[in-house]
Each structure stands twice: as structure tokens, then as C-alpha cells.
Amino acid sequence: MKGRREVNAFVEARKESFGSAADMYSETAAFLVDNGIGEATDVLLIDETLCVGCDNCEKACADSHDGLSRLDREAGRSYAHLHVPTSCRHCEHPHCMADCPPNAIKRGPDGEVFIDETCIGCGNCQRNCPYGVIRMDAVPPKKPNLFSWLLFGAGPGPGEASFGWRKKHADPERPKQAIKCDMCAGIKGGPACVRACPTGAAIRVAPDKFLTVTKLTEEVE
Amino acid sequence: MASLPEDRPENRFAHDEARRDSDHVSFLKHRRWRWAKIATVLSIVAIASYLLVDVTPRHNGGSWYGYTLGTVGAALIVWLSLLGIRKRNMSEGRWSLKAWTSAHVYLGLALVVVATLHTGFQLGWNVHTLAWALMLLVVISGIYGIAVYATLPKEISSNRRQMTKHEMLEALAAIDRQLESAAQPLARDEADLVIAALEQDPFDFGLWTRLTGNYRRCWTGDALAEIEEDDSDPAVQKVLSLLRKRRAQLEQIRRQMRLRAMLDIWLYVHVPVTIALLAALTAHIISVFYYW
Chain A
3 MKGRREVNAF VEARKESFGS AADMYSETAA FLVDNGIGEA TDVLLIDETL
53 CVGCDNCEKA CADSHDGLSR LDREAGRSYA HLHVPTSCRH CEHPHCMADC
103 PPNAIKRGPD GEVFIDETCI GCGNCQRNCP YGVIRMDAVP PKKPNLFSWL
153 LFGAGPGPGE ASFGWRKKHA DPERPKQAIK CDMCAGIKGG PACVRACPTG
203 AAIRVAPDKF LTVTKLTEEV E
Chain B
3 MASLPEDRPE NRFAHDEARR DSDHVSFLKH RRWRWAKIAT VLSIVAIASY
53 LLVDVTPRHN GGSWYGYTLG TVGAALIVWL SLLGIRKRNM SEGRWSLKAW
103 TSAHVYLGLA LVVVATLHTG FQLGWNVHTL AWALMLLVVI SGIYGIAVYA
153 TLPKEISSNR RQMTKHEMLE ALAAIDRQLE SAAQPLARDE ADLVIAALEQ
203 DPFDFGLWTR LTGNYRRCWT GDALAEIEED DSDPAVQKVL SLLRKRRAQL
253 EQIRRQMRLR AMLDIWLYVH VPVTIALLAA LTAHIISVFY YW
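Chains A and B supply the protein sequences, listed in that same order. At position 80 of the first sequence the residue is numbered 82 (this note's numbering), and the sequence of numbers has no breaks. At position 256 of the second sequence the residue is numbered 258 (this note's numbering), and the sequence of numbers has no breaks.
Keep in mind that the hints were calculated from the coordinates and are not lab data. Every value quoted in this text rests on a predicted model; they were computed, and no experiment measured them. Honestly, I wouldn't trust all of these hints.
[Said to hold, decoys possible] Cut-off 30 Å, straight-line C-alpha distance, at most; resulting in silico cross-link-like pairs (DSS-like, lysine-lysine):
hint: 1; chain 1: B; residue 1: Lys39; chain 2: B; residue 2: Lys89
hint: 2; chain 1: B; residue 1: Lys167; chain 2: A; residue 2: Lys144
hint: 3; chain 1: B; residue 1: Lys167; chain 2: A; residue 2: Lys178
[Unchecked claim] With the C-beta cut set under 8 Å, the calculated list includes, among others, these residues of chain A facing chain B:
hint: 4; residue: Asp49
hint: 5; residue: Gly55
hint: 6; residue: Asp65
hint: 7; residue: Ser66
hint: 8; residue: Glu76
hint: 9; residue: His97
hint: 10; residue: Ile117
hint: 11; residue: Thr120
hint: 12; residue: Pro143
hint: 13; residue: Leu148
hint: 14; residue: Ser150
hint: 15; residue: Ala198
Built from N, CA and C at the ideal position, the CB exists for glycine as well.
Looking at chain A on its own, in the form it has when it is part of the complex:
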């Protein structure tokens, strides 16, 4: 009975903005499917009712992966304050894998789709990805450490260095390669973007939770 009352209360609360609660769920579900969630095995979602736009997720991503971010928080589609940033969905049948000459794109033991060091930088995967989550870039040089920046202002600071700094300090011989989210495989503690979110806006979602993730936990408690 208590559960039923909760459903009724939820329907009452939402009926002004949607025809029915079922509409809200099905429309949110339709939005998620349109944005590639239907074929995803793991996806980063951002709850925009919690996101303060600090971009710490992007900075953490860059600092965990050779100084280049694999996610664009602001870009991507949103619906009902649920935002799908430009970040790999780790598709069930990855489009990027379809035409990789050295066969450098593989699936890891935890379901992550990753690009290994044999990448020749041809850019096929970038062109084939329907979600625009693969970028081509050369690995930048190592930055001075955090305390040198904090105390003496050395280097570009946390996160991805500016294009100017990277060009100035980069090895010109270093080729561009394809880079994308690897779900922080091999990094203890799991995805850096989620760990580094100060407000709990960044969440990673597996298929069994795609359609129940549309609400904040506190709304049903």
C-alpha cells in the first residue's frame, strides 16, 4: 500500500509537466535510446540538477589519462535535466571497431572498449563513431606536479593544458592518435570522472539501471 501511495504521489507531482508519469518515463527513455543508450554497456550521465559546471570531471579525466580529456561535459543532449555528455557509451556492437586497420580497438574484461598503442592515427574510428566521442591528438608532455603549480604557479595546473601550452612544449615528432574513454580500466578506484565530481552529479550507469536512473534517489525516499 505504501508503495502504491508513493506512485500516486509521484504521478500527482508530475502531472502538470507531463500528461502522465508513464509519459515522463517513456519520453525520458526515448531520449536516452535516441542518444545511444540502447546500445551502450556503460554510460556517463550528468544530473543537471546537481551539476555546478566546475568541469572537475573533465580535469580528472585528463589527469588520469596522459593529460588529455576524453569527455566534453557541456556538449551532448539533455532531457528532463538528465544530460548525456560527449563520452564513450562502450556500445554493445562498437561502430569504431568496424574499420580499424591495425585492429587496435578491443573490448576489455570489464566491458570497456579501448584503443591500444598500435593505433596508427588513421581517424577511421573517429569518423565512424555516431556519438562524436573519439578525438585525435598527440600526447602532451608531462606537466609540473600539483604542488609546483599550487605554490609557485609552474605549468598549466590541473586538467587538460591549453592548446598553446601543449604546442609550445610538445615533441613535434609525436603523432596524433585516437583517444577515447576506457572506463579508467586499470585505475584503482574506478572512473575518475565520477570520483572527482564534488556534488554527485556524474554517475555511470549500466544497462539494468538505464530506465530507473531518471529520478534522484531522494525523490522516492
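Got chain A sorted already, so can you dock chain B onto it with the hints?
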């Protein structure tokens, strides 16, 4: 007939909710208010012990009880200020910045109780009270921060309508290009109004204007007010329509800038005053032990 398990949820809704990722919860309610509860207990223990412990002649920072509260307070201040390092140091391991933020918020509030009781309400014009006052200023700015973090993200999300900063500025640039060519057939004085609007930096009006959103000296608005509607002249109609579009686009960007400024401005108090607090706290501790 197969029997149902005893703990079967009443309906699918409850069942699905139970399966949901418990991580999808804000920093304020992290782990069912864990840090709010810990901070409340810390505050209650501090207040109760303050009332129960008999310090002669009266409570002060120099008694054994005062030193205990002072040590707890100083340790809290140092730990709370380490959030700035934690946030930027992307090390491996099972830590979560959300948990840190949650603890930072609630322990920061409890610090007001601990530090105030440490003073024994003996305040004056000295370096000791300076440290207490700076601590209070940091906490007050932090309370503003909690309020805006809890309320503004939704407004920012609604205002940006899926556009990135770059896209908003590109949309404005596209309108400006159209406006420039559409204004060519206008009379001299009307064309001057459009040129003035296009040449003005529409965002450089200072901090106060950014925070209030009151752009009275915006020449796009002036041009709209001064160019008269003329149904017989399609060129004027086109320019007016583009100026309205420009005003709407400017309003979206300015609202975004206003909300972002409100979301960030408290950090310009919170962080520098924390550094000042650490300096004052050091002076307070050194002077107390020097004049033991």
C-alpha cells in the same frame, strides 16, 4: 502453486527503486546524511561537555578543556582546507570527492560550535578573535555556497537549453553578421544605432551589472527603442526582427553569466579568507604558546 518469498516487495515500483544505483544522490544527502549526523553528534557533545565541565574561574581557551576544543578546531580547519588539494590531486584509490564535499560542508558547520565554545565567549580586538572572525566569515560564505549549489544548477540547465557556451556565442555572431548586412539600406541615423549596438562589447559592464542582470546601457535595447516600426519598409522590419533576436540571445548569455557568477563568486571570499585564516590561526597558536 509456488509460494512467494516473504520479502517480496509490494510492487514493481518499490522493487525497481531498491535496485537503483544508490550513488545517484546529492552530496548533501550522501550515505543517508552520514556527515550531517556525525557533525550533529560532534556539536551536541561539544555543547553538553561545555555545560557539564566546570572550569574555574570561567570557560576560556587556556584551560585543559579549552585546549581540547582548540586542538579539535585547529585539526578541523586544516582538514577542511585540504579539500582544495583533494579536489585537484587526481590520485588512484577508492575515494570520492562527493563524500569529501559532504564531510566538508557538515564538519565546517560544526566547526562554528567547536571554535566558539573554545573561545569561552571571551572576544576582543586581538589576533585570537581575528582567527575566530575569519573562521566565521569562511563558514558564512560557505553557507551561501551550499545554498546556490542546491538551487542554481537547475536554473542553469534550463537556461542553456542544451547549448554550450561556444554555441551561444556562435549564435550571437551569426545574428550580428545578418544584422550588419540587413542594416545597409537603412537611413544614416538608424544605421548608426545598429552600428553602435554591434560595436559595443555587450558583456563588459562590470561585476555589479553581471550579478544583477540590469544592462541599462545596452545599445541593442536603445536601438530597438529608437528605430520606429514601419510596416511599409521591409528593411526596417527585418532589422527590428534581427535586433529582437539579438536581444533574446544576449539575454540568454547574460542570464548564464549571471547564474555562473552567483555560483562562483563566494569562492572569491571562501578561498582567500581560508588562507588568511590559516595565517591567523598560526599566529594565534604561536602567540599562545610563546606567552604561555
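Verification of the supplied hints:
| no. | hint | verdict |
| --- | --- | --- |
| 1 | B:Lys39 with B:Lys89 | holds (24 Å) |
| 2 | B:Lys167 with A:Lys144 | holds (29 Å) |
| 3 | B:Lys167 with A:Lys178 | holds (27 Å) |
| 4 | Asp49 | holds (7 Å) |
| 5 | Gly55 | holds (7 Å) |
| 6 | Asp65 | holds (4 Å) |
| 7 | Ser66 | holds (6 Å) |
| 8 | Glu76 | holds (4 Å) |
| 9 | His97 | violated (23 Å) |
| 10 | Ile117 | violated (21 Å) |
| 11 | Thr120 | violated (25 Å) |
| 12 | Pro143 | violated (18 Å) |
| 13 | Leu148 | holds (5 Å) |
| 14 | Ser150 | violated (12 Å) |
| 15 | Ala198 | holds (5 Å) |
Violated hints, listed in ascending order, are 9, 10, 11, 12 and 14; each of the other numbered hints is respected by the structure.
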